[in-house]
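Peer 1: Spelled out from the first residue to the last, the chains are:
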Amino acid sequence: MRQSIRALGWTITIGVILIVLFLGSAMYSIFQTLMNQGFGFGSFQIYTMEDGIVLSFPLYVNNTSYYDISTLNLTTFVRDFRGVEISKNSTTVGVIKAGAIIPTFKHNMSINSEILENLIYLLFEDGNLSIDTYVGIRYAYAFYFQMEMPNVSMPWGAPFYNLTIGELPSLPLPPSSFNGTHYLITIPLSFENHAFFNVTGAMRLEILNSTRNYLGSGTTFVNILPGSPYDPTPYNGVIEVSIPIGNMLTDTGYLCIYFENSIFNFGTVEKTYG
Amino acid sequence: MVEERSTSKSVLRKVISRLFKAAFWAFLMGGEVLFVSYILGLSEYTTALLPVEGPFFFGFMVTFILFEVAIQLLSETIFRYVISVTRAFISMIYLILMTNGGIMKITIPPEMVPFGVGTIIFTVEFRTILAVFLMFSLISILKNLIQAINFLSERAELPFTLPKIP
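Residue numbers (this note's numbering), protein chains in the order written: chain G, 1 to 274; chain H, 1 to 166.
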C-alpha cells in the first residue's frame, strides 16, 4: 500500500512539474513570437473581379515558438452604415510547424456585384462600414487564443456621390438641335467619385414625358479615377439624348439613369425635370 | 506530578510545532497570493485576469488556506485525510468556476487600444490544461483515500495496552 501511495504521490508531483514547465514554455514562446513580429500584415490590395470587388489582406506567419500552431483562422464580417451584411469571409491555415514560415497567405473580403446592386444607396451615400474581425490561433494543441475586434470603422466613399443631372432646355427646342429626324439635347451630368476604385462604364439616360411615355435616350462612357470622401474626384460631363421627331417632349417628366460596368449595374435612378 | 508536567510540555511543544508548520504551509499554499494581492494592493491586477469577482477569488484563497491549516493541525489523525479529500473536491469546483470552465475573456477598453481600433476582446481557451489539473485532483483524492485506509490498518495493528486500574 505504501508503494501505491508513493507512486501516486510521485505521479502528481512529476505531472504538476511537467504541466507547469509546459505552461511556462508555451506562454514564453508565444509571447516571444508575438514580440518578434511572428504575425504581420502586408500592404492592403484591391482587385476588381468579374463578379465584384475583392479587398485582399496579405498576411505572413513566422512561427519562431517551440510548439506548432495547429490552426490559424481569420474571419471578417462587414456591415454597412445601415447595419446590412455586405460580406462575411473566413480564411483558415492548417498546421504551421514550430520554426516554419508562411511567407504570404491572403485573406480576401469580397463584395460581390449582387450586393452592390441590391444596396444601391452605397453607390450614392458616404458612410462608415463596420468591420468585425476575429483572429483565432490554436497553439501547442492545448490552447486557443482568439482576438476579437468588433465594430472597427472603415470609411466608405460612394462612387456616384451627389449625382446631379442638369435641367433640360426650355420648350420649344431650338431649331439648331434638330438634325432632320431627331432632336439632340445635351444634358449636363456631374458627380464625385469618393470610392477607392475606378468608376468606368456606360451611363445611359432615358427621358420619359409626364405620362411616362418613352421619348429618347443617350449614352456616355465615363472613366473616373479613384477618390475619397476627403479628396473626391469630380466628374463634370454631358450626355447627349436623341429624341425622334414624333415623340412629344413635355414641360415636366422623368429622367431615368442607368449605369453598367463589369463590377456592378444600377438603374433605374429616377429624377423629375421641369 | 513530574510526569504530568513533562506530558503537558511535550503536548505544548507538539502544538507549537504544528502551528508553525501550519503557518508555513498556509503561506506556501495560497498565503503568498493573498499577501501579494491584498496586502501589497495588487488585487486589481491579479483578479482582472479572472472571469470571477474579486471576493470570489478571496473566498477561494481563504478556504484553501483554512483547509491547509486544518490538515497540518490534525496530522497523524484520520481527519487529515478526510479534510484533504474535501479540499480536493472543493478545489476542483472552485477551479472550474474560477476559470469559467477553461475559457477566459479579457476586454481591453478603446482608450487603451492604439490606432483607435476600438474595443479588443481576448479569449483564451485552455480546457485541455484544466482537464489535466482536474485529473491530478482526482489522483490526489485517490491517494488520500488509500492513505486513510493505510492509516486505519496501521492503527489496527498497533498493540493495545489496557489502562491500569487504580
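No wet-lab data here; the hints were simulated from the structure. A few of these clues could be false.
[Claimed, not checked] The calculated lysine to aspartate or glutamate pairs, modelled on EDC-like cross-linking and capped at a C-alpha distance of 20 Å, are:
| hint | chain 1 | residue 1 | chain 2 | residue 2 |
| --- | --- | --- | --- | --- |
| 1 | H | 21 | H | 76 |
| 2 | H | 105 | G | 125 |
| 3 | G | 271 | G | 125 |
| 4 | H | 105 | G | 148 |
Peer 1: Does each hint fit the structure? Answer for all of them.
Peer 2: Hint-by-hint comparison with the structure:
At roughly 14 Å between alpha-carbon atoms, residue 21 of chain H and residue 76 of chain H fall within 20 Å of each other, so this suggested pair holds. Between residue 105 of chain H and residue 125 of chain G, the direct Cα distance comes to roughly 37 Å. Violation of the 20 Å bound is thereby established for this hinted pair. The suggested pairing of residue 271 of chain G with residue 125 of chain G holds, with an alpha-carbon distance near 17 Å, which does not exceed 20 Å. Taking the CA atoms of residue 105 of chain H and residue 148 of chain G, the gap is about 10 Å. The hint holds against a cut of 20 Å.
Violation of the numbered hints given earlier is confined to hint 2; every other hint is satisfied by the structure.
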